[in-house]
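Based on the sequences and whatever the hints tell you, model everything.
Protein chains in written order, with our numbering: chain A, 1 to 145; chain B, 1 to 120.
Heads up, a few of these hints could be off.
To be verified - Derived DEER-like restraints, expressed as beta-carbon distance ranges:
(1) Ala-64(A) with Lys-76(B): 17 to 23 Å
(2) His-137(A) with Asn-101(B): 23 to 29 Å
(3) Leu-70(B) with Arg-23(A): 25 to 31 Å
(4) Ala-119(B) with Glu-12(A): 49 to 55 Å
Since the hints were made in silico from the structure, they are not lab data.
All values reported here derive from a predicted model rather than from experimental measurement.
The beta carbon of each residue, even a glycine, is placed where N, CA and C say it ideally should be.
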Amino acid sequence: MVDRAWAWSLHESIPSNVDDGHRLIEQLMSALNDLGWDGRDLFHMQMAAEEAMVNAVTHGNKGASDKHVEIEFKVAADSAFMRFRDQGEGFCPSALPDPRDDDHLECTNGRGVMLIKEMMNQVQYNDRGNEVTMLKHRTPPPQDE
Amino acid sequence: MTDRRRLSVNTIGELATVRFLDKKIVDSGNIEEMGAEMFSIVDADHLKHVLLNFEGVEFLSSAALNKLILMDKKIKQAGGILRLCNLRAEIMEVFTITRLNRVFDIRKNESEALKAFGAS
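Following this line, the structure appears as structure tokens:
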């Protein structure tokens with residue numbers, strides 16, 4: 001998505017286990033904090049990371065102990081990149097029903113993909129649908145008058 | 001009254017006022033516990049009306065939203081009312097994006113919510 005210099009990066013493969021995923025996301029949050037990310041931008045990053053990780057572990061790999069999720073984070077003071085790749089069959093994000101439709105409003109699934117799309121600046125899925133890459137630009141601080 | 005690790009619950013008549021003990025409602029195991037503890041307010045304690053006070057909650061995932069949706073259904077089935085209050089701006093944005101602000105009765109703070117229950 002973007003080839004540039006990053007202040008911090010991480011590239012790991014974890015078992016299909018959300019606890020390992022949470023551990024890596026905590027490291028991401030800590031790196032973003034150190035780079036001055038806060039408030040709404042930081043919240044959006046955590047939301048997208050958590051939803052993508054849980055989707056990869058539970059829907060992609062279906063929690064299978066012999067499958068892994070590849071996770072990559074690259075962050076800088078002004079933007080952040082994330083990639084999650086599972087070993088599942090993949091899915092077609094455009095085929096998911098819109099959880100905001102009246103008929104689906106009280107359904108208890110399908111919000112993760114939509115929240116990722118709303119909170120990131122760029123979101124791409126590979127053709128198979130087992131890898132998502134995301135880019136977030138930090139909101140510029142207000143200019144002093 | 002049930003022992004709870006994820007929530008603190010106070011009762012005023014048929015109304016339960018609930019606070020969350022986790023700043024971030026994100027860990028899958030904790031969300032399951034939180035759901036079970038919420039549902040027990042209706043199922044075990046037989047309280048009809050519930051106010052969920054989100055003061056101090058900094059983050060919640062869609063898995064936590066799902067528990068809130070189930071709680072809302074459970075309370076409606078029992079003939080009660082669920083209200084939410086004290087949502088920080090980022091969490092309110094999640095409800096707006098997902099349009100769940102149309103499903104839940106969300107009040108600014110606890111005193112406003114209690115007034116709506118007629119319990120101020």
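Practice problem: Determine which of the earlier numbered hints do not hold for this structure and return their numbers in increasing order. | Solution: 1
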